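Go by the hints and put chain G with the ligands onto chain U.
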Amino acid sequence: MSNAHKATAPDPGDFLEVDGSLSAEERDIRDTVRDFATGELLPNVADWFDAGTIPDARALAKSFGDLGVFGMHLDGYGCAGASAVSYGLACRELEAVDSGLRSFVSVQGSLAMTAIHRFGSEEQKNTWLPKMAAGELIGCFGLTEPDSGSDPGSMRTRARRDGSDWVLDGTKMWITNGSIADVAVVWAATEDGIRGFVVPTNTPGFSANVVHRKLSLRASITSELVLDGVRLPESAVLPGSGGLGSPLSCLNEARYGIVWGATGAARACYQAALDYAATREQFGRAISGFQLTQRKLADMLVDVNQAGLTALQIGRLKDAGRCHHTHVSFGKLSCVAAAQRVAGEARSIHGANGITLEYPVLRHMLNLETVATYEGTAEIHALSLGQAVTGVSAFR
Amino acid sequence: MNIVVLVKQVPDTATERKLTSDDKTLDRAASDGVINELDEYAIEEGLLLKEKHGGEVTILTMGPEQATDSIRKALSMGADKAVHVSDEALHGSDALQSAYALSRALGRIEFDLVVLGSESTDARTGVMGAALAEYLGVPQLTLADKVDVDGQAIKVQRLTDYGYDVVEAELPAVVSVVEKINEPRYPSFKLIMQAKKKPVEKLTIADAEIDAARVGLANATTETVDVAPAPPRAAGTIVKDEGEGGVKIAEFLAEKKFV
Ligand SMILES: Cc1cc2nc3c(=O)[nH]c(=O)nc-3n(C[C@H](O)[C@H](O)[C@H](O)COP(=O)(O)OP(=O)(O)OC[C@H]3O[C@@H](n4cnc5c(N)ncnc54)[C@H](O)[C@@H]3O)c2cc1C
Ligand SMILES: Cc1cc2nc3c(=O)[nH]c(=O)nc-3n(C[C@H](O)[C@H](O)[C@H](O)COP(=O)(O)OP(=O)(O)OC[C@H]3O[C@@H](n4cnc5c(N)ncnc54)[C@H](O)[C@@H]3O)c2cc1C
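Protein chains in written order, with the working numbering: chain U, 5 to 400; chain G, 168 to 426.
Hints are computed from structural coordinates only; laboratory data are not their basis.
Note that the structure is a prediction, hence the values are computed from the model and not measured.
From the three backbone atoms N, C-alpha and C, an ideal C-beta is built for every residue, glycine too.
Only some residues are given here: those of chain U computed to face chain G with a beta carbon under 8 Å:
hint	residue
1	Glu29
2	Asp32
3	Ile33
4	Thr36
5	Asp39
6	Phe40
7	Asp70
8	Leu71
9	Gly72
10	Met76
11	Ala84
12	Gly85
13	Ala86
Okay, the calculated bits of chain G under chain U, using three or more residues with CB under 8 Å as the criterion:
hint	segment
14	230–240
15	360–371
Same shape as in the complex, but just chain U (with noise of 0.2 Å):
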């Protein structure tokens, strides 16, 4: 290696120049993600996550909106028309500071407002998208039910026609942003397969209450939707949606976001370990210099680059329209998995400090419970993956 010599010693920061290969506008768009959560979200994280709800969601929903994150990756409308990975920039950048904050865009952009893009008439569109994109309007994604998670096809919500209206019977669970939503997109069997609806939540018959005592994503608000009777216009559904793959199409794009999101979490807590380790000392010295705490150090570092390189390509891609739902269902196994690592460790690294919201890293590891729940759980990605490689199903 003639040249091995001049090569400058990596960034911690970014060892494998993850982003070396980002172009101008990606680099704008990270960075100005990156100043505006650590300015405007990271002071106030820990009280909302403490007080388990966010305090003025609209005004968190009307400064997203400005900075142009909702929808970001969509075409028209009043959304931005960014690239995949731009908007897997950002993503990472705003669950950097909290996988909470990342789920509020997450829902918004690419569950709600990706399923009226993708599948609502040119009416619903102008209706809800473009004051959706500016923050004005909060939207949320109703599939899962109480007794229908990893398997959405056995939800009991029923959509039945009344003459030319639906009405809407049915509960949802665990739907973020549920109470605090102007509009729901809600998912229901229909004699012709599973359709979308979007329910304004001012409708008579909806209404929506909010999960108490969690322990995880505290700084969300998440609730369960019950819909009794909801009676909506025959333009309330969704014209393009039909089975189950219209719902699942909208999740792929979430968790696109969460394979981005979680190497987030998991650069921060790495970042804060290093940065307590190094100042941090017992036993005469710093506790970095110990070969314990190299050793956690160094895997975290590991795990840190690989899933960043792996979000990263997943992107690339995505961009070039070559993403499979498989290459998204690996990216959302192995960076879950990677960032859940690194948090424990890093907890660790923290001693007693580490179990407090003083220090980020507690608060990481119990979103990213969350994180590897929703959107499909790890097992139902192994699953996906053991499909796509096998050629078996071997989900039932």
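Frame of chain U; chain G with the ligands shown alone:
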């Protein structure tokens, strides 16, 4: 109203800054460049004035090739176009020479108002506004924390030890701003994506009709004689309060002429 905002790229204050050993100038390649912080307030003020009075905001930057990153950021905040003066011959120019060079570039732009940060985090001379106004032959309104434009009249407010100065002048004029003036906006994604399509005019010193004999290290009006790293901070003094802590604090403050 045509507003020109001066934007300087400076090394990120969060990173270690280095000087090149051979000519004692700042090694601009050694650290990440960012927009000089006060210039972000100048950009914001330019944009606010445009939003109120109409017109265009032009960014004017003098600096090496990598300053394009800062220009792009200024455009992503909402500026309409940019002029980038970049030439090897400008390397090592001091504050007065830079003011001269920028005044030449401004001679090519129609402007009613030039807005700039009151100082830069790298050089901290704080003279650019005054020097530039002198070269341009227009009034200078420095250290503004409030700007009002009414037709051809401009009025700024400046915080002083004893209250406020209110300074008035006629446009065209040069205004330097302090950080109390506003809260700079974040770029938005839509503007970030439009930024690369906005016009950026690149000028060499020949294009801007800048006299090569009046710029650059060799012709500088000031010289850096010597540089030394800042000495490490001295350890603080610990005073144990044995009933007279208050007196000790007062004595300390009096000794340092704080009271
Ligand atoms: C904070 C939070 C926010 C959420 N937000 C939303 C939202 O906005 N919208 C929405 O629709 N949903 C949302 N969800 C729901 C989420 O998508 C579901 O929790 C998820 O799909 C898992 O479903 P479940 O909880 O019913 O678990 P189950 O499906 O009951 O799974 C329980 C366990 O069984 C395993 N399992 C299931 N099937 C198999 C199998 N075939 N083989 C092996 N193991 C299996 C699972 O992997 C898991 O470990 C949210 C959840 C949380 C926690
Ligand atoms: C809820 C709670 C209740 C508690 N109650 C009590 C109590 O009642 N009474 C009491 O006295 N204490 C109590 N403790 C304190 C507890 O015993 C300490 O937190 C524990 O001893 C670890 O010390 P530390 O937190 O200072 O971490 P540190 O000692 O700073 O350790 C930080 C990290 O460095 C590692 N480390 C340290 N030295 C080395 C080394 N040589 N090589 C490799 N790795 C090293 C540690 O394993 C850890 O991962 C409590 C703690 C908690 C969280």
